[in-house]
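Residue numbers (numbering that gives the first Met the number 0): 0 to 335.
Bear in mind the hints are in silico, worked out from the structure with no lab data behind them. Don't take each hint at face value.
[Stated by the list, open to error] Derived lysine-lysine pairs resembling DSSO-like cross-links, with alpha carbons at most 30 angstroms apart:
{"no.": "1", "residue 1": "K250", "residue 2": "K87"}
{"no.": "2", "residue 1": "K260", "residue 2": "K204"}
{"no.": "3", "residue 1": "K260", "residue 2": "K87"}
{"no.": "4", "residue 1": "K250", "residue 2": "K77"}
{"no.": "5", "residue 1": "K46", "residue 2": "K181"}
{"no.": "6", "residue 1": "K46", "residue 2": "K165"}
{"no.": "7", "residue 1": "K159", "residue 2": "K87"}
{"no.": "8", "residue 1": "K297", "residue 2": "K204"}
{"no.": "9", "residue 1": "K204", "residue 2": "K181"}
{"no.": "10", "residue 1": "K250", "residue 2": "K297"}
{"no.": "11", "residue 1": "K276", "residue 2": "K50"}
{"no.": "12", "residue 1": "K276", "residue 2": "K260"}
{"no.": "13", "residue 1": "K181", "residue 2": "K276"}
{"no.": "14", "residue 1": "K77", "residue 2": "K87"}
{"no.": "15", "residue 1": "K250", "residue 2": "K181"}
{"no.": "16", "residue 1": "K46", "residue 2": "K159"}
{"no.": "17", "residue 1": "K50", "residue 2": "K297"}
{"no.": "18", "residue 1": "K165", "residue 2": "K77"}
{"no.": "19", "residue 1": "K181", "residue 2": "K159"}
{"no.": "20", "residue 1": "K250", "residue 2": "K276"}
{"no.": "21", "residue 1": "K77", "residue 2": "K276"}
{"no.": "22", "residue 1": "K297", "residue 2": "K181"}
{"no.": "23", "residue 1": "K46", "residue 2": "K297"}
{"no.": "24", "residue 1": "K276", "residue 2": "K87"}
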Amino acid sequence: MNIQRFRPFNILSCLLMATLPTAVLADQALDKSVVEQIVDAQVTLAKGPYKGLRTNHTKGIVVSGTFTPAATASTLTKAAHLQDTPSKVTVRFSNAGGMPTIEDTNPGANPRGIAIRFELPDGSITDIVSLSVNAFPVSTPEAFLAFLNARIATTADSLKPTPVEKMIAETPSLQRFVAIPKPFPASFASLTYHGINAFQFTNAKGESHHIRYRIEPLNGQEFLSPEQVAAATPDYLFEELPRRLETGEVKFRLLAQVAEKNDVIHDPTAIWPEERKLVDLGVLHLQAPVPDNAAAEKALAFNPLILLDGIAPSDDPVLLARPGAYAISVSRRMAP
0 MNIQRFRPFN ILSCLLMATL PTAVLADQAL DKSVVEQIVD AQVTLAKGPY
50 KGLRTNHTKG IVVSGTFTPA ATASTLTKAA HLQDTPSKVT VRFSNAGGMP
100 TIEDTNPGAN PRGIAIRFEL PDGSITDIVS LSVNAFPVST PEAFLAFLNA
150 RIATTADSLK PTPVEKMIAE TPSLQRFVAI PKPFPASFAS LTYHGINAFQ
200 FTNAKGESHH IRYRIEPLNG QEFLSPEQVA AATPDYLFEE LPRRLETGEV
250 KFRLLAQVAE KNDVIHDPTA IWPEERKLVD LGVLHLQAPV PDNAAAEKAL
300 AFNPLILLDG IAPSDDPVLL ARPGAYAISV SRRMAP
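Make the full structure from the sequences, and use the hints.
Shown next as structure tokens:
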């Protein structure tokens, strides 16, 4: 789906656009009741709801900057934001989970998230939403709902094995996800972020490839030791990033990991081999926090299916379900 001429920061338009892909892709889309149950389960796990806030990845910080495309990007896609002209970007970093006061040192704050909005000179936009892990725990929305419900059913007095332990034992993808290292970053700016969903890139010659995004800090990754985590403040990531930006830009390289013939493109639990080709798409230059973080947090509604010509979604059911869940979250956030 290609969506153009979309004005930024219009929350009602974001909500309408968020519901559009699942309606158009009806044969692949998720039953709305399952999406609603996912959102409700996330609220329950977070002991919410929290009025005016996101359902998931609730604790966040928004910064502004620019994106400079690389010359190699056009070999993969004709998408306008990946051609010659730089674009404005608004980037949101976040902790996992739905608790607005979760400590940055809490293991439940991992994985971290990044959402990027590209604003082109003609007013069109497109978004990328990624995580600091390279896989999703399960391959379908229904399985994700079952996992959330197993977590809800697991309490301090649950008999062993607990509901969540049983599901992990029965689900290989959950076992792999639990085993992925999730260290505490020194900064939101010192983490690599991964697009767990595949997209089809098509260039001006009509050549198509499936890719996943990778967003790497130009200065490399940096993590805290257990002793540093124990000494860190509850908001250390949110305190550190503004201080870092005062001293200069934060830079990330946006890359496309290109799938080969037998790579699984419809399953976000499948990890592609590290030796897959990486194509440079450009550099993110992050320059300053937005003046009013609370207002930006409420107004921004990221949607990974707001796509420009040259990029199309894969048939990944988790990807196709995400806009519907975001739409429900937005509608609740904006309710009086």
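Exercise. Of the hints stated earlier, which fail here?
Worked result: 3, 7, 8, 9, 11 and 18
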